[in-house]
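Visitor: Kindly produce the complete structure, drawing on both the sequences and the hints.
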Amino acid sequence: MTAALIAVALGIAGGFIAALAGVGGGIIFVPALALVIGLSQVSAEATSLLAIVPVALLGTWQQRNTGEVRLRHALIIGAGSVITAVLAALAASAMPEDILRWLFATFMVAIAARIWVGAERDAARGRSAP
Amino acid sequence: MLRLLLVGAVGGAFSALFGVGGGVVMVPLLMLLCGYGSRAATATSLAAIAMIAAAGVATYGALGEVDWLAALLIGIPALLGVTLGVKVRARISAVAISRALAVLLLIAAALLVVHPA
Numbered sequence: 629m630t631a632a633l634i635a636v637a638l639g640i641a642g643g644f645i646a647a648l649a650g651v652g653g654g655i656i657f658v659p660a661l662a663l664v665i666g667l668s669q670v671s672a673e674a675t676s677l678l679a680i681v682p683v684a685l686l687g688t689w690q691q692r693n694t695g696e697v698r699l700r701h702a703l704i705i706g707a708g709s710v711i712t713a714v715l716a717a718l719a720a721s722a723m724p725e726d727i728l729r730w731l732f733a734t735f736m737v738a739i740a741a742r743i744w745v746g747a748e749r750d751a752a753r754g755r756s757a758p
Numbered sequence: 485m486l487r488l489l490l491v492g493a494v495g496g497a498f499s500a501l502f503g504v505g506g507g508v509v510m511v512p513l514l515m516l517l518c519g520y521g522s523r524a525a526t527a528t529s530l531a532a533i534a535m536i537a538a539a540g541v542a543t544y545g546a547l548g549e550v551d552w553l554a555a556l557l558i559g560i561p562a563l564l565g566v567t568l569g570v571k572v573r574a575r576i577s578a579v580a581i582s583r584a585l586a587v588l589l590l591i592a593a594a595l596l597v598v599h600p601a
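Chains R and E, in that order, give the protein sequences. FYI, the working numbering numbers position 61 of the first sequence as 689, with every residue one higher than the one before it. FYI, the working numbering numbers position 74 of the second sequence as 558, with every residue one higher than the one before it.
Honestly, the hints are just simulated from the structure, not real lab data. Do not rely on the hints blindly, as some may be mistaken.
What the hints assert, rightly or not - Calculated cross-link-like contacts (lysine to any residue; reagent style SDA-like; alpha-carbon spacing at most 25 Å): (1) Lys-571/E - Ala-493/E; (2) Lys-571/E - Ile-640/R; (3) Lys-571/E - Thr-694/R; (4) Lys-571/E - Leu-667/R; (5) Lys-571/E - Leu-715/R; (6) Lys-571/E - Ile-665/R; (7) Lys-571/E - Arg-523/E; (8) Lys-571/E - Ser-721/R; (9) Lys-571/E - Thr-630/R; (10) Lys-571/E - Gly-666/R; (11) Lys-571/E - Leu-731/R; (12) Lys-571/E - Ala-752/R; (13) Lys-571/E - Trp-552/E; (14) Lys-571/E - Met-723/R; (15) Lys-571/E - Trp-744/R; (16) Lys-571/E - Ala-722/R; (17) Lys-571/E - Ile-581/E; (18) Lys-571/E - Val-494/E; (19) Lys-571/E - Leu-686/R; (20) Lys-571/E - Asp-750/R; (21) Lys-571/E - Ile-727/R; (22) Lys-571/E - Leu-556/E; (23) Lys-571/E - Met-629/R; (24) Lys-571/E - Ile-634/R; (25) Lys-571/E - Ala-584/E; (26) Lys-571/E - Leu-685/R.
Bear in mind the structure is a predicted one, so any value in this text is a computation, not a measurement.
Guide: Right, dumping it as structure tokens:
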């Protein structure tokens, strides 16, 4: 029960902070699932992927009338992703846990740098980015 | 067509390898290779992410790596968090929050690599 409440709180807070910073939820969900919920790195990534599906669907639905969602292109991109997504999931599962953690940590540092640079740019502009 | 498939291939690899959407690589690629503006790139990659993440979930699910309950408990409440976040972001400058998140991610990255598996 406590674990369930923690997961719900992580979902709300993670989604809120990700939206404020202009990044996706996965970069917050994966470390939260590994460090707070105690999942293995590969399970944390697998579970994060499922958790972002409803978020992506809602975001797409909310933007359906803006004319910015090019659905036909999105379908082609989705089709192009299947083979590499399956291969990458198989590779991540076969990889030693330590290596996957290091890879993910490196990815996090890159995202942190990108968020920091983006924040500096917004600060220089004196407002939040669109 | 070929460029869109390429964007998808790169996005799919990133998404499944790291458990994220892959927007961080697809948005710049759509702008660079396909002449997208940033808003259209973000919106279109979001629509693609739903499919890309599903491909990763299907594979990880077959391998027994998905914690279905945890995903629901995080993913559904996240809808509320994201909706609130998008509303607040339109009104305030999120610079301080973004910097705090960058620092938090660095700390979490350090914890992940010292964390006993």
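Visitor: Each hint should be assessed against the structure and marked as holding or not.
Guide: Tested hints:
Of the supplied pair hints, the one linking Lys-571/E and Ala-493/E is violated, its CA atoms being roughly 32 Å apart against a limit of 25 Å. Taken as a hint, the Lys-571/E and Ile-640/R pair is honoured in the structure, with Cα atoms around 14 Å apart against an allowance of 25 Å. With a C-alpha separation of about 16 Å, the suggested pairing of Lys-571/E with Thr-694/R holds against the 25 Å cut-off. Of the supplied pair hints, the one linking Lys-571/E and Leu-667/R is violated, its CA atoms being roughly 32 Å apart against a limit of 25 Å.
A distance of roughly 37 Å separates the Cα atoms of Lys-571/E and Leu-715/R; the hinted pair therefore is violated under the 25 Å criterion. Between Lys-571/E and Ile-665/R the alpha-carbon distance is near 28 Å, which puts this suggested pair outside the 25 Å criterion. As the CA atoms of Lys-571/E and Arg-523/E are separated by approximately 17 Å, the hinted pair is consistent with the 25 Å bound. For the hint linking Lys-571/E to Ser-721/R, the alpha-carbon distance of about 37 Å lies beyond 25 Å, and the restraint is violated.
A hinted pair counts as satisfied when its Cα atoms are at most 25 Å apart, and Lys-571/E with Thr-630/R does not qualify at roughly 29 Å. A C-alpha spacing of about 32 Å is found between Lys-571/E and Gly-666/R, which places the hinted pair above 25 Å, so the restraint is violated. A C-alpha spacing of about 33 Å is found between Lys-571/E and Leu-731/R, which places the hinted pair above 25 Å, so the restraint is violated. Restraint check: the Cα-Cα separation between Lys-571/E and Ala-752/R comes to about 22 Å, which is no more than 25 Å; the hinted pair holds.
Restraint check for Lys-571/E and Trp-552/E: the C-alpha separation of about 29 Å exceeds 25 Å, so the hint is violated. In summary, the hint linking Lys-571/E to Met-723/R is not supported, as the alpha carbons are separated by about 40 Å, beyond the 25 Å threshold. Taken as a hint, the Lys-571/E and Trp-744/R pair is honoured in the structure, with Cα atoms around 21 Å apart against an allowance of 25 Å. Proximity of Lys-571/E to Ala-722/R is assessed by CA-CA distance (about 41 Å); at most 25 Å being required, the pair is judged violated.
The suggested pairing of Lys-571/E with Ile-581/E holds, with an alpha-carbon distance near 15 Å, which does not exceed 25 Å. Distance hint between Lys-571/E and Val-494/E is unfulfilled; the C-alpha atoms sit about 31 Å from each other, more than 25 Å. Restraint check: the Cα-Cα separation between Lys-571/E and Leu-686/R comes to about 14 Å, which is no more than 25 Å; the hinted pair holds. Among the hinted pairs, Lys-571/E with Asp-750/R is consistent with the structure: their alpha-carbon atoms are about 17 Å apart, no more than 25 Å.
Simply put, Lys-571/E and Ile-727/R have alpha-carbon atoms about 38 Å apart, too far for the 25 Å limit, and the pair is violated. At most 25 Å may separate the alpha-carbon atoms for a hinted pair to count; Lys-571/E and Leu-556/E meet this at roughly 23 Å. Restraint check for Lys-571/E and Met-629/R: not satisfied, since their Cα atoms lie roughly 30 Å apart, outside the 25 Å limit. Taking the CA atoms of Lys-571/E and Ile-634/R, the gap is about 24 Å. The hint holds against a cut of 25 Å.
Taken as a hint, the Lys-571/E and Ala-584/E pair is honoured in the structure, with Cα atoms around 19 Å apart against an allowance of 25 Å. The suggested pairing of Lys-571/E with Leu-685/R holds, with an alpha-carbon distance near 18 Å, which does not exceed 25 Å.
Consistency note: the structure conflicts with the earlier hints numbered 1, 4, 5, 6, 8, 9, 10, 11, 13, 14, 16, 18, 21, 23.
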